[in-house]
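Q: Protein chains in written order, with the working numbering: chain A, 233 to 415; chain B, 233 to 415; chain C, 233 to 415.
These are computed hints drawn from the structure, not numbers from a lab. Any given hint could turn out to be false.
Which copy is meant is left open, so a pair is good if it fits within one copy or across any two.
Stated by the list, open to error - With a straight-line Cα cutoff of 25 angstroms, these simulated DMTMM-like cross-link-like pairs (lysine to aspartate or glutamate) come out:
| no. | residue 1 | residue 2 |
| --- | --- | --- |
| 1 | Lys261 | Glu386 |
| 2 | Lys261 | Glu396 |
| 3 | Lys261 | Asp364 |
| 4 | Lys353 | Asp389 |
| 5 | Lys311 | Glu291 |
| 6 | Lys311 | Glu393 |
| 7 | Lys331 | Glu291 |
| 8 | Lys261 | Glu291 |
| 9 | Lys352 | Glu291 |
| 10 | Lys352 | Glu386 |
Quick caveat, the model's predicted, so the values are computed rather than measured.
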Amino acid sequence: MEALKTTSPSPASASGLELKNPEPLEENKRLSIIAFSGDFDKLVAAFTLASGAAAVGYEVSVFFTFWGLNVIRKAKGRKPIGKGVLARFFNFLQGGSRKVPLSRLNFGGLSPRLMTHMMKKRNVATLPELVDASIALGVNLYACEMSMNILGTEHTDFIPEVREVIGVATFLRYSSGGERVFI
Amino acid sequence: MEALKTTSPSPASASGLELKNPEPLEENKRLSIIAFSGDFDKLVAAFTLASGAAAVGYEVSVFFTFWGLNVIRKAKGRKPIGKGVLARFFNFLQGGSRKVPLSRLNFGGLSPRLMTHMMKKRNVATLPELVDASIALGVNLYACEMSMNILGTEHTDFIPEVREVIGVATFLRYSSGGERVFI
Amino acid sequence: MEALKTTSPSPASASGLELKNPEPLEENKRLSIIAFSGDFDKLVAAFTLASGAAAVGYEVSVFFTFWGLNVIRKAKGRKPIGKGVLARFFNFLQGGSRKVPLSRLNFGGLSPRLMTHMMKKRNVATLPELVDASIALGVNLYACEMSMNILGTEHTDFIPEVREVIGVATFLRYSSGGERVFI
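Kindly generate the complete structure, drawing on both the sequences and the hints.
A: Structure, rendered in structure tokens:
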């Protein structure tokens with residue numbers, strides 16, 4: 233609380249040059265995000281947090297599972313990837329990173345485009361830019377083995393920056409000692 | 233595990249008078265909630281956690297982003313605040329803290345009112361009461377700079393209890409050494 | 233940390249032969265999941281994380297609140313449990329663990345069944361199997377007092393494996409010193 237007040241004047245924020253760290257509590261510099269959601273707005277939140285944390289020196293990992301896998305697919309539009317009719321159907325419906333819906337007030341996919349328009353107008357990084365920034369800043373991307381089993385997809389269906397396909401035990405080991413956030 | 237068993241008999245719970253703390257693990261008394269959702273039920277969960285933690289001695293911060301900003305707007309009803317036509321449109325649609333929907337079974341806004349009715353009947357604090365309790369207990373409220381940029385809103389559009397408008401780096405610094413929960 | 237090294241050789245979970253542990257950070261072996269969501273896919277994620285963590289030596293607790301309570305109800309189908317007309321109505325609508333919807337592309341409840349079909353085909357544990365595995369692995373199940381007050385339900389409405397009905401303060405005490413994840 234007192235620390236909070238003394239650090240407030242710092243104009244660090246977005247870019248985050250932090251020359252001193254007056255926090256009395258022990259610093260935890262590992263952050264792992266479970267990116268479960270495939271919603272546009274939640275993905276923007278996930279990648280803003282990921283890139284922002286990486287920019288100020290955190291070791292950041294994003295573990296994509298379920299709908300979240302959609303944003304790291306090579307195929308950015310609708311494509312029936314995967315093995316099995318049902319899997320191909322679900323993968324087609326999800327539609328790739330260009331088709332991510334807003335979690336509310338989606339209006340049939342219009343809103344994410346309007347939102348992106350507003351982000352550009354305000355000079356806020358768009359979702360693809362946030363993904364690129366996260367990769368450039370060294371954020372580790374992992375894909376969830378179990379979800380991929382269910383949806384019949386393979387490592388090669390995803391962008392090459394996805395380092396590894398891992399299960400829960402490995403995720404827990406990679407993220408141990410740090411913060412875990414489910415988005 | 234063993235500690236868990238020994239502490240179980242304590243009748244603390246809801247009210248939370250905890251005279252001793254028999255936990256062997258290191259206590260972490262800082263909790264930061266990223267309030268992303270604008271859903272009635274998730275906001276009730278966020279403020280129940282925030283006020284409950286503050287009541288038992290935690291330093292609690294709530295960082296409002298995206299839809300979550302809706303609940304700390306000065307204008308409690310629908311109002312087209314913000315700069316730019318699209319921003320005003322989205323801000324109008326969100327509708328302020330009196331219009332937050334249930335995440336499921338919303339029935340056009342009827343359910344949050346029914347839910348509030350049930351909460352009053354059972355003597356459970358309603359959402360506005362939980363917000364007030366959180367503020368009274370010293371929970372720090374922060375608004376997300378980036379979301380406000382996108383939606384064209386300003387510090388003055390929010391209730392005066394919002395201490396500061398901050399970015400990701402500042403949020404990470406303020407919440408460092410503690411738990412971070414995304415709701 | 234030391235505990236981690238000695239427990240690592242365990243041949244646990246999904247991928248899991250972990251012969252060495254090169255992690256420098258301090259290990260945190262307590263994980264608490266706030267199971268707020270009643271969605272099929274999020275519950276699969278919650279129980280996959282819970283059972284996976286328990287399998288590699290974590291002390292795991294799941295705290296069911298709001299819609300999440302639905303999955304631990306004794307009545308697996310639609311049943312108007314609870315006190316009060318409104319409570320009975322909401323409890324009926326939620327429908328028990330056999331009626332949990334997918335958070336997206338639910339198609340009137342068809343998708344969870346298709347998803348379960350795909351999970352069986354790929355030899356991935358289904359939701360009831362994940363719940364059973366979590367219980368068998370010693371995951372502690374708790375129910376949220378406040379949500380139960382609102383919905384007029386009692387301890388006896390839930391499966392007997394639910395150890396205790398607790399409030400926020402008790403949840404914070406039980407989960408202190410560990411990771412807390414909101415799903």
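Q: With reference to the structure, classify each hint as holding or not holding.
A: Hint check results:
1. Proximity of Lys261 to Glu386 under the C-alpha cut-off of 25 angstroms is found in neither arrangement, the shortest distances being 31 angstroms within a copy and 31 angstroms between copies.
2. Taking the closest pair of Cα atoms, Lys261 and Glu396 come within 25 angstroms of each other both inside a single copy (22 angstroms) and across two copies (24 angstroms).
3. Only within a single protomer do Lys261 and Asp364 lie at most 25 angstroms apart by alpha-carbon distance; the minimum there is 21 angstroms, versus 33 angstroms between protomers.
4. In this homomeric assembly, Lys353 and Asp389 come within 25 angstroms of each other (Cα to Cα) only across copies, at 21 angstroms, whereas the closest approach inside a single copy is 33 angstroms.
5. For a Cα distance limit of 25 angstroms, the shortest separation of Lys311 from Glu291 qualifies neither inside one copy, at 33 angstroms, nor across copies, at 41 angstroms.
6. In the homo-oligomer, the alpha carbons of Lys311 and Glu393 lie at most 25 angstroms apart inside one protomer (20 angstroms), although the nearest pairing across protomers, at 43 angstroms, exceeds that limit.
7. In the homo-oligomer, the alpha carbons of Lys331 and Glu291 never lie at most 25 angstroms apart, since the shortest distance is 29 angstroms inside one protomer and 39 angstroms across protomers.
8. When the C-alpha separation of Lys261 and Glu291 is checked against a cutoff of 25 angstroms, the pair qualifies both within a copy, at 6 angstroms, and between copies, at 20 angstroms.
9. Taking the shortest alpha-carbon separations for Lys352 and Glu291, neither the intra-copy value of 28 angstroms nor the inter-copy value of 36 angstroms comes in at or below 25 angstroms.
10. When the C-alpha separation of Lys352 and Glu386 is checked against a cutoff of 25 angstroms, the pair qualifies only between copies, where the shortest distance is 18 angstroms, while the shortest distance within a copy is 33 angstroms.
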